[in-house]
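The chain contents come next:
2 protein chains.
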Amino acid sequence: MNDMQNKTMLSLIHNRKSVRHFQSGDVNKEKLKEVVRAGMAAPSARDLRPWQFLIITNENTLKNLAEQLPYAKMLHDVSAAIVVMGDTTVKSPSGQSYWLQDTCAATENILLAAEALGLGAVWTALYPYQDRMSPVVEACHIPEHIVPLNIIPVGIPEGADKPKDKWEPDKIHWNAWETK
Amino acid sequence: MNDMQNKTMLSLIHNRKSVRHFQSGDVNKEKLKEVVRAGMAAPSARDLRPWQFLIITNENTLKNLAEQLPYAKMLHDVSAAIVVMGDTTVKSPSGQSYWLQDTCAATENILLAAEALGLGAVWTALYPYQDRMSPVVEACHIPEHIVPLNIIPVGIPEGADKPKDKWEPDKIHWNAWETK
Numbered sequence: 005m006n007d008m009q010n011k012t013m014l015s016l017i018h019n020r021k022s023v024r025h026f027q028s029g030d031v032n033k034e035k036l037k038e039v040v041r042a043g044m045a046a047p048s049a050r051d052l053r054p055w056q057f058l059i060i061t062n063e064n065t066l067k068n069l070a071e072q073l074p075y076a077k078m079l080h081d082v083s084a085a086i087v088v089m090g091d092t093t094v095k096s097p098s099g100q101s102y103w104l105q106d107t108c109a110a111t112e113n114i115l116l117a118a119e120a121l122g123l124g125a126v127w128t129a130l131y132p133y134q135d136r137m138s139p140v141v142e143a144c145h146i147p148e149h150i151v152p153l154n155i156i157p158v159g160i161p162e163g164a165d166k167p168k169d170k171w172e173p174d175k176i177h178w179n180a181w182e183t184k
Numbered sequence: 005m006n007d008m009q010n011k012t013m014l015s016l017i018h019n020r021k022s023v024r025h026f027q028s029g030d031v032n033k034e035k036l037k038e039v040v041r042a043g044m045a046a047p048s049a050r051d052l053r054p055w056q057f058l059i060i061t062n063e064n065t066l067k068n069l070a071e072q073l074p075y076a077k078m079l080h081d082v083s084a085a086i087v088v089m090g091d092t093t094v095k096s097p098s099g100q101s102y103w104l105q106d107t108c109a110a111t112e113n114i115l116l117a118a119e120a121l122g123l124g125a126v127w128t129a130l131y132p133y134q135d136r137m138s139p140v141v142e143a144c145h146i147p148e149h150i151v152p153l154n155i156i157p158v159g160i161p162e163g164a165d166k167p168k169d170k171w172e173p174d175k176i177h178w179n180a181w182e183t184k
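Chains as they are written, first to last, in my numbering: chain X, 5 to 184; chain E, 5 to 184.
Check the hints yourself; a few may be wrong.
Note that identical chains are pooled: a pair holds if it fits in a single copy or bridges any two copies.
[Claimed, not checked] Straight line, CA to CA, 27 Å or less: simulated BS3-like cross-link-like pairs of lysine-lysine:
id: 1; residue 1: K21; residue 2: K35
id: 2; residue 1: K35; residue 2: K168
id: 3; residue 1: K166; residue 2: K95
id: 4; residue 1: K21; residue 2: K95
id: 5; residue 1: K67; residue 2: K35
id: 6; residue 1: K77; residue 2: K37
id: 7; residue 1: K35; residue 2: K95
id: 8; residue 1: K33; residue 2: K11
id: 9; residue 1: K67; residue 2: K33
id: 10; residue 1: K11; residue 2: K95
id: 11; residue 1: K175; residue 2: K95
id: 12; residue 1: K175; residue 2: K35
id: 13; residue 1: K95; residue 2: K67
id: 14; residue 1: K170; residue 2: K33
id: 15; residue 1: K175; residue 2: K11
id: 16; residue 1: K67; residue 2: K11
id: 17; residue 1: K11; residue 2: K21
id: 18; residue 1: K95; residue 2: K170
id: 19; residue 1: K95; residue 2: K33
id: 20; residue 1: K77; residue 2: K11
id: 21; residue 1: K170; residue 2: K67
id: 22; residue 1: K166; residue 2: K37
If you're looking for bench data, these hints aren't it; they were derived computationally from the structure.
Chain X with its partners taken away, still in its complex shape (with noise of 0.2 Å):
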């Protein structure tokens, strides 16, 4: 690889951001599938894999899911949403599971795979609040055993939305804490 794909590919990163405002369109079930794709290709402690996903197309659904989810009223706007679940039953031999930290960076793989395809996208949360989970478990049959982490509205933006800036250099510690 060289120094230009380089740049283009930490871009990725940079240009990501949280997009709340959309046009109209629609996105296809290919597109969908990419980008849940790239959530399956996040790092999994053991390999064990514990995520799930639902791609929500059914415009009731969806249009259910925005009333009933002060944070995701979004859903209004977008032809499609995704929801990343982990499964609590799988875990390691010593019992531990590892849910929570796989389907966060199942997560950030999606936002990051609808930015590459020029979509647009941003991570609600519904879990911890049983008052947000209920009414996505209660649409979509959820399993018990299945927590649904959150819900990503997938859409075309609008262009409103722009990455922001987070650089905090104090944030980094080189070798101890103290030092700087």
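Starting from the known structure of chain X, fit chain E onto it as the hints suggest.
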């Protein structure tokens, strides 16, 4: 962005791999900072950014931790490691902490940025294991309210580690759990 660039971007996600075999050679400070900068570009719930980053380049510290951390023996073979940490005191007005979600997303960005720069890296878990967190807390004087999520050895990949194909179409559910 054109289709070719889209493809290059997605390939970054699919080319990322857990690198556990390194060749000799140092990673300079600027590259390490660039990698952590990508970590800080991760999404953060309510923009709280409860993350902190420790970059270890001290050879004695790396050797000491390699001895004490059975799952991070690769620290013997690298000139640097990044510890991604969460500040448990950073909370939303309602008292909710999102340090785990946010630091996991930041970690994925770090792993992808390492890949983009031709470096090798691997997420080795510290949290939630007290016996793995303690050696790092002691060696690096990490205060009590800061939780070290992982330690990521960063080096020049030897080349043997390849990305896994983790695509499992059965893990995609359309509109409801039962529907495939």
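Going down the list of hints, with the structure as the test:
no.: 1; hint: K21 x K35; result: both (18 Å within a copy, 23 Å between copies)
no.: 2; hint: K35 x K168; result: both (25 Å within a copy, 21 Å between copies)
no.: 3; hint: K166 x K95; result: between (38 Å within a copy, 25 Å between copies)
no.: 4; hint: K21 x K95; result: between (33 Å within a copy, 22 Å between copies)
no.: 5; hint: K67 x K35; result: within (21 Å within a copy, 45 Å between copies)
no.: 6; hint: K77 x K37; result: within (23 Å within a copy, 37 Å between copies)
no.: 7; hint: K35 x K95; result: neither (31 Å within a copy, 35 Å between copies)
no.: 8; hint: K33 x K11; result: between (30 Å within a copy, 17 Å between copies)
no.: 9; hint: K67 x K33; result: within (19 Å within a copy, 49 Å between copies)
no.: 10; hint: K11 x K95; result: neither (38 Å within a copy, 34 Å between copies)
no.: 11; hint: K175 x K95; result: between (33 Å within a copy, 17 Å between copies)
no.: 12; hint: K175 x K35; result: between (36 Å within a copy, 16 Å between copies)
no.: 13; hint: K95 x K67; result: neither (35 Å within a copy, 31 Å between copies)
no.: 14; hint: K170 x K33; result: between (33 Å within a copy, 20 Å between copies)
no.: 15; hint: K175 x K11; result: within (23 Å within a copy, 33 Å between copies)
no.: 16; hint: K67 x K11; result: neither (39 Å within a copy, 32 Å between copies)
no.: 17; hint: K11 x K21; result: both (18 Å within a copy, 19 Å between copies)
no.: 18; hint: K95 x K170; result: between (34 Å within a copy, 18 Å between copies)
no.: 19; hint: K95 x K33; result: neither (31 Å within a copy, 37 Å between copies)
no.: 20; hint: K77 x K11; result: neither (35 Å within a copy, 31 Å between copies)
no.: 21; hint: K170 x K67; result: neither (33 Å within a copy, 32 Å between copies)
no.: 22; hint: K166 x K37; result: both (25 Å within a copy, 23 Å between copies)
The structure fails to meet hints 7, 10, 13, 16, 19, 20 and 21 from the earlier list, while all remaining hints are met.
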